[in-house]
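Q: Each chain, letter by letter, is given below.
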Amino acid sequence: MIRTASIPPFERFYETHKAEVLAFLRRRAGRERADDLFQDTFLRALRAYDRLEHGEHLRAWVLTIAANAVVDAGRRERPAAQLAVEPAGEDSRPAFEELAALTAGLPHKERAAVVLRYGYDLDYEAIGDALGSNEQAARQAASAGVRRLRKEKEQR
Amino acid sequence: MTGVPIALDERFRATAAASGALDVAYDVLDDTPVGSLLVGVSDQGLCRVRFDPEPQQELERLARDFGARVLRSSPAVDRVRRELDEYFAGRRRSFDLELDLRAAPEFHRRVLAELRRVEYGHTTTYGALAAQVGSPRAARAVGTVMNRNPLPIVLPCHRVVGASGSLTGYGGGLERKEWLLRLEGALL
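Residue numbers (numbering that gives the first Met the number 0), protein chains in the order written: chain A, 0 to 155; chain B, 0 to 187.
Careful: at least some of the hints might be erroneous.
[As the list claims (entries may be wrong)] With the Cβ distance kept under 10 Å, some of the chain B side facing chain A (calculated, not the full set): (1) 12; (2) 21; (3) 43; (4) 113.
No lab work stands behind these hints, which were simulated from the structure alone. Each residue gets a CB set at the ideal place from its N, CA and C atoms; glycine is no exception.
In isolation and in its complexed conformation, chain B is listed as follows:
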């Protein structure tokens, strides 16, 4: 059996995304300075950023979190791709994207909302974030929230460091955390 011509395949994917019938449209950005990134958008906004994605596993997760109508579509994520490109090139300091955090538990959403206010080029600590959401003893729990951040880079968990100033950890690996902080001028 012959395959489906690329033009026809892409046309269907674009039409499907434009039809509004998808739960999530996603694409894999292969050549970013921090490696391969999967990005997903729902009708409510950006719903996933994942380093080094395992496509099959990630599809299952997206389907579980948002619904089974998940399809790869490049034009659907154009805006996210553009803003990320600008950020990596040092031409963007904050993202103008709607975010869809409906799959995150309530406590996570509260912490992530605070995280969003940490500005470009600045850092904060797990403990300080915990205090800001009214749970000053929950630094460890805040660490877990950072580790499970569904939208790394855009929600800047790389700007959260240990009380001593050490980088501590990063869901995408410490090298990436360091790279992002250097990009922003927060590390020399």
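Bound conformation, chain A alone:
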């Protein structure tokens, strides 16, 4: 029987990951912007937290949220800029690893929606919260991502 990790109290989740998330945000967005993005990241995580189905891959999950917060902030500031999204975390867990590699070519929103949906079993409402959009947008992003992956596979 496979036992899935239970969801820790948010306090423990936050204490475990806050330093790494801040370091990640400072690298990606610079010291000045990192503080606001830190707030944004953990508030998004908090809003999606009660709909997590298990406590696996929480590090990769929160780093994905952080990466999206960086991209969203960049887009607000420079709408035309093309911002590349790197894999959010170097989590060695297979579900995330495989999905991270498989989805590397997708636009960032679609990629995040696919990873959160299929890597973390989040429902679309939670994904919408985590991405700072809504349920419908999350559903569309995930299905657009899956369509794109299928097309890529056919063309190969």
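Assemble the complex: chain A is given as a structure, and chain B must be docked to it using the hints.
A: The following block gives chain B in isolation, referenced to the frame of chain A:
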């Protein structure tokens, strides 16, 4: 890896509590006259008071009883802290706090509702409380409810004594029961 600056950490905690997305915000009051107290509040009111808390264990309990979104936040418990300070200083005789007893079983809630009416400086007995909830033979069960009181001090289980007037027992230890009763002038 460097840590998170305290100001940033506190800012997130305060914002999270203000956002309404927490199941429970809590803090540990370290220097009360009765020692260390953990207090927790939900959107419905005060939901936990615990003597000598073991933080990790208490986090798990709060998460189980109210939901996993439990976070320490000092400003969120300001009002509870202020009322407790006033009480310990002898300047407050009753608490003006909403109470969240949803995690307590039905019988416990009934007994705790009666307990809340026992006034400052007065005592009652386990048997009398049992009679008030319509179960005059349930003094022992009432004792169990007192022992598991989720909100000691605020719900004054220290005011409940044995039929002979002996202090009997207290979840936070008899010394504290005695101290609280002396504070209220119920013991000389």
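Q: Hint by hint, note whether the structure agrees.
A: Each hint tested on the structure:
1. 12: The hint holds - residue 12 of chain B has a Cβ within 10 Å of chain A, the shortest such distance being about 9 Å.
2. 21: Holds: closest Cβ of chain A sits about 7 Å from residue 21 of chain B, inside 10 Å.
3. 43: violated (16 Å)
4. 113: Since chain A brings no Cβ nearer than about 32 Å to residue 113 of chain B, farther than 10 Å, the hint is violated.
When the structure is compared with the earlier hints, violations turn up for hints 3 and 4 and for no others.
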